[in-house]
Amino acid sequence: MSARVADLPLLVAEGLSKDYGARIGCRDVSLKIFPGEVLAVVGESGSGKSTLLGLLSTELAPDAGRVRYRLRDGRLADLAGLGAAEKRLLMRTDWGFVRQNAADGLRMTVSAGGNVGERLMAVGWRNYARIRAEATDWLGRVEIAADRIDDDPRAFSGGMRQRLQIARNLVTRPRLVFMDEPTGGLDVSVQARLLDLIRSLVAELGLAVVIVTHDLAVARLLSHRMVVMRHGRVIETGLTDQVLDDPREPYTQLLVSSVLAA
Amino acid sequence: MTSEPILSVDGVAKTFLLHLRGGARLPVVSGAAFELRPGECVALGGPSGAGKSSLLKMVYGNYRIDSGTIRVRGDGDFVDVASADPRRLLRLRASTMGYVSQFLRVIPRVSTLEVVAEPLVGDGVAREQALERAGALLAWLNLPERLWPLPPATFSGGEQQRVNIARGLIAHRPLLLMDEPTASLDAANSRVVVELIGEKKRAGVAILGIFHDAQVRETVCDRVIDVTEFAKAA
Chain X
1 MSARVADLPL
11 LVAEGLSKDY
21 GARIGCRDVS
31 LKIFPGEVLA
41 VVGESGSGKS
51 TLLGLLSTEL
61 APDAGRVRYR
71 LRDGRLADLA
81 GLGAAEKRLL
91 MRTDWGFVRQ
101 NAADGLRMTV
111 SAGGNVGERL
121 MAVGWRNYAR
131 IRAEATDWLG
141 RVEIAADRID
151 DDPRAFSGGM
161 RQRLQIARNL
171 VTRPRLVFMD
181 EPTGGLDVSV
191 QARLLDLIRS
201 LVAELGLAVV
211 IVTHDLAVAR
221 LLSHRMVVMR
231 HGRVIETGLT
241 DQVLDDPREP
251 YTQLLVSSVL
261 AA
Chain H
1 MTSEPILSVD
11 GVAKTFLLHL
21 RGGARLPVVS
31 GAAFELRPGE
41 CVALGGPSGA
51 GKSSLLKMVY
61 GNYRIDSGTI
71 RVRGDGDFVD
81 VASADPRRLL
91 RLRASTMGYV
101 SQFLRVIPRV
111 STLEVVAEPL
121 VGDGVAREQA
131 LERAGALLAW
141 LNLPERLWPL
151 PPATFSGGEQ
161 QRVNIARGLI
171 AHRPLLLMDE
181 PTASLDAANS
191 RVVVELIGEK
201 KRAGVAILGI
211 FHDAQVRETV
221 CDRVIDVTEF
231 AKAA
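Just so you know, the sequences run in chain order X and H. Numbering of the first sequence is given in the numbering used here, commencing with residue 1 and proceeding in unit increments. Numbering of the second sequence is given in the numbering used here, commencing with residue 1 and proceeding in unit increments.
In isolation and in its complexed conformation, chain X is listed as follows (with noise of 0.2 Å):
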């Protein structure tokens, strides 16, 4: 029975397109997601590939194509069609986004607590003690000190911000979290270490999870799904391994030739 769930997408995107000005940002994307599978979007600066996680996000508004959302009546809803109320709703309990830059994802002047506790708040939780309670666990759950609950995320390390965002996320047990380049920037221990935590989280809560990432390793490690992104479009897509071990594309050949083996 849980076999034919999982055969249900958890999203569909159709046709999705959005230029700016005369710039294309994403034309004509169709793609399906599966809960508990993580889709890789690959491609170089300017493919394309962030303003996709835009569109599938509702972040941005498609100027042609839809994306529907299957709830948790299991109803598939097109996304553009929902209320306000009901869209954030949604965003707070179903949904995670976790960003390149943490400070786009976190409240930098409210403590590492109050950042996850926030989200409970959200949907919900009053009891202050239990508030408390639960976001000391996810802390420990992102490797982040229980003495360090009442610090503001500006005394963090890059690497801590990145853990406490994931905290923040995955807190309120969404479906489906989009991350946009999550270990860009970090140090490539850091790197390593997010890598594993988000690899295990998502393999133990079963979550759907759309990452863009400009590195192929990455996309490796985390993803079982890839589809490859140029000027807009999506020119190549399969399994992770196969894209990667048997590209067929000109532009993917040359993206998978141009990692240097460390």
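Don't read these hints as lab results, they were simulated from the structure. Predicted model, so just to flag it, every value in this text is computed and none were measured. We put the beta carbon where it would ideally sit given N, CA and C, even for glycine. Heads up, a few of these hints could be off.
Unchecked claim - Listed next, the stretches of chain X that the computed footprint assigns to chain H, with coverage defined by at least 3 CB atoms under 8 Å from CB atoms of chain H:
#1 187-199
#2 244-250
Claimed, not checked - In silico negatives: residues of chain H with every beta carbon more than 12 Å from chain X:
#3 E114
#4 E128
#5 G135
#6 L147
Unchecked claim - Just so you have them, the derived chain X footprint on chain H, three or more residues with Cβ under 8 Å:
#7 18-31
#8 60-74
#9 84-93
Guided by the hints, dock chain H onto chain X, whose structure is given.
For chain H alone, kept in the frame of chain X given last:
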């Protein structure tokens, strides 16, 4: 024991098209056709560069093919690896196909014991039990216990290969694909791998592999498929 094949390869052709080399075409195989039945171990034979590893990767669905079918019996019916959608292929790998590659792809910070236990945990076995079985298998493969808590990134070639073999063999998969499982092993450890393969065969597992060591090949394999036959046509 059933005589119905678990793997049926028919008319498989593959040419690499190298866009960065001016569109050069690198033919790998053409007209590849063979079958594998439960409990048999079959070697892919032929000189280096004949396409043995590539063929193994096509069966696993890691390399895509230009034509033909690769049918694997999994979860009751046949699935064509070549045309299955990605999610179906992932399910087929999880339930039916194991792959022991030559090189270990390490995951930062994950211990050897956990790397080995992971396929069992994926099958739903309790973590403690999975770790225990992983330990038993690593002990059989003579990997020193002091290495178990460490990530295998810094291990020697032979140690990494044994981790890889343990990870590839720990869970039951009716079809095993093995790419030179004894390449960096000494004689004693090669013998352990031969014993492990023998056990899998007795459990009805079908094995398709590349075995360069003639002695290992003669001990475990029931027959050899000459891959140069498929290269000729290509």
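Here's how the hints hold up against the structure:
no.: 1; hint: 187-199; in the structure: holds (count 5)
no.: 2; hint: 244-250; in the structure: holds (count 5)
no.: 3; hint: E114; in the structure: violated, 10 Å
no.: 4; hint: E128; in the structure: holds, 16 Å
no.: 5; hint: G135; in the structure: holds, 20 Å
no.: 6; hint: L147; in the structure: holds, 19 Å
no.: 7; hint: 18-31; in the structure: holds (count 3)
no.: 8; hint: 60-74; in the structure: holds (count 4)
no.: 9; hint: 84-93; in the structure: holds (count 4)
In this structure, only the earlier hint numbered 3 is contradicted, and the remaining ones agree with it.
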